[in-house]
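> Residues per chain are reported as follows:
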Amino acid sequence: MTTKKITPGSIFLYGTLAVLALLFLMPAYMAAVTALKMPGDISLPSAWELPATFNWGSFSEAVELLKPSFINSVILTVCATLGSTVLGSLNGYVFSKWKFKGSEIVFTLFLFGMFIPYQVILIPLFQTLRAMNLYGGLPGLILAHIVYGLPITSLIFRNFYSQIPTALVESARLDGAGFFSIYFRIVFPLSIPGFVVTSLWQFTQIWNEFLWGICLTRHADNPITVGLAQLAGGQAVSWNLPMAGSIMAAVPVLCIYIFLGRYFIRGLLAGSVKE
Amino acid sequence: MREASLDRLKAFLTLLPSMILVGVFVYGFIGNTIWTSMTDWGGSGALALEPEKNFIGLANYVDLFTGFLGGGFRQDLVNAVYYSVMLLVGAVGLGMFIAILLDQKPKGEDLLRTIFLYPMSLSFIVSGTIWRWLLAPQGGVNVLPTYVGLEPLTFSWLSSQASILVFNWQDILRILLYLVSFVLILIGLFAMRKDTGKAMKRWLVPGIVIGACVWLFGSLIPDAYMMEEEHGFNMATLGIIMATIWQYSGYTMALYLAGFNGISQDLRDAAMLDGASEVGYYRYIAIPMLKPITISAVIILSHISLKMFDLVFAMTGPDNAETGHPALNMYLTTFRANDFAQGAAIAIVLFLVAAMFIVPYLVSQYRQRGRR
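Line by line, the protein sequences are chains Z and A. Anchor point for the first sequence: position 191 equals 191 in this note's numbering, and the numbering is continuous, going up by one each time. So the number in this note's numbering is just where the residue sits in the second sequence, counting from 1, plus 1000.
There's no promise every hint is true.
In silico DSBU-like cross-links for lysine-lysine, where the CA-CA straight-line distance does not exceed 35 angstroms [as the list claims (entries may be wrong)]:
hint, chain 1, residue 1, chain 2, residue 2
1, A, Lys-1010, A, Lys-1291
2, A, Lys-1201, A, Lys-1291
3, Z, Lys-101, A, Lys-1291
4, Z, Lys-99, A, Lys-1291
5, Z, Lys-99, A, Lys-1010
No lab work stands behind these hints, which were simulated from the structure alone. This one's a predicted model, so the numbers in the text were calculated from it and none came from an experiment.
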């Protein structure tokens, strides 16, 4: 490393980065400032100014309004993440260590499910859930998220398990370990980071999902994204509430991102089919 | 030996439930939607338990592409094309630029990376809500210049009716032929380096001939549509594109940054010793080496731009037709207007467009895995 000196190059570098960082933080600043204003103080020309008096009331009001959908989202996200991660782990184990004839084709067919625009399965999904008496409530939504989460979780786990040396599995087999005992004694204990990465990814995706939330649930079972969209919908809203609601809907994933960022980024990279 | 085959059976049985689920929920459902798109299922009885469905062939598609009411859909399609292209250029370009800056290892790199990537963790509904406020006509972004003593902007971000780059749908055949000629010439120019003769014969000459023919005799090509119908890129879509680039350039940045970090320091030092400048290093070595990353970024972003629904929904609501998107149109047609068959047809069009580049991508990935 050369010693850092002030050169035109480094001025350009830090200047550009500072401007870009400000641009990227702009919406967050705007949301926070607006949420903290008194409804009467919000006007378009002074939108950027700091509030004269801090009004925390918007948050308690938003919590009041969004609490049911927030709880729905917590239940939905925890259950669906758990289900799709466990299944994905088993699938990834088979795809990487127990390849059979045609397993690669099956895997590719799985991956395709990750890339389809979900509009194409929306109508039969709606019909099927209705026929199964699961339409409108959380169980149907959980089922949908588990099934359509399978491609990505299987992919992440398959890539993760391919780093475990096959020799380890082979020697365990010579020692008489079978399919499940290899999984529970060797593969599973090694896959805690894999579980962290995959569940963070799934948690984020499911928490942020909107299309199924609005199409497949009734009002009482709406997830937080739908609750927020209804809160922010309509033109004549006082903007402190939707902004406080946005912050509330963003906080769980933002916390994950800030405190477990390393795993979040690994999930991001793993999701790009990079092998 | 017998135990080994028992284990293989267990492995297969473990995978089986997922295979069945994916088979039914992905492939079965796609088939079902194709079937639905060829029926007349809709109207007031659409939500009945045993709705009446009659097979009507491709009529729904014909309606979408030629019918009077399909005009909105065609505008959405045009929007989606511009939207995808601008999102790709913007998010890949900006992401790559930020990654190069961060690759210089500035102080506070970790903090900066966190700042550039946080939008990615947000829901489109959250960012859409915030951006709608930021792009409010007399506030937000538009009043920013007043803080340095300038006049406020007057651009109506999400409500503008102005449309640029307008084309007439009657000319669609001519435009497609121009596109073919352009692609042929482009491939030809790339192939020049390897085998000039073949490139000329196979790509360049046919490309130029097609282009010239359309230019000279274009008026002989029949109009694709009976009526004149003009659609273009709506300025109102700009706000949505800005928000999406804001949300996704951090993602491409992360991809490229991981790629840059994977290039060995030795290679970089060697290039520097050979006299490559910073710019030259990225232009001739680093970025070409990361071609696979660029390809997967393009695939993922185009797939995201094709199913873009939440952000449009949150920013302009279902009401502003100027910023429409087929994905939003599909939702409105199906669940607001109860026209399930027409909605299914829109979904299938979206699906076919997506499949056009996802299938080749997955096939090439599959081949790569097979080689190893």
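> Which numbered hints turn out to be false for this structure?
The structure breaks only hint 1.
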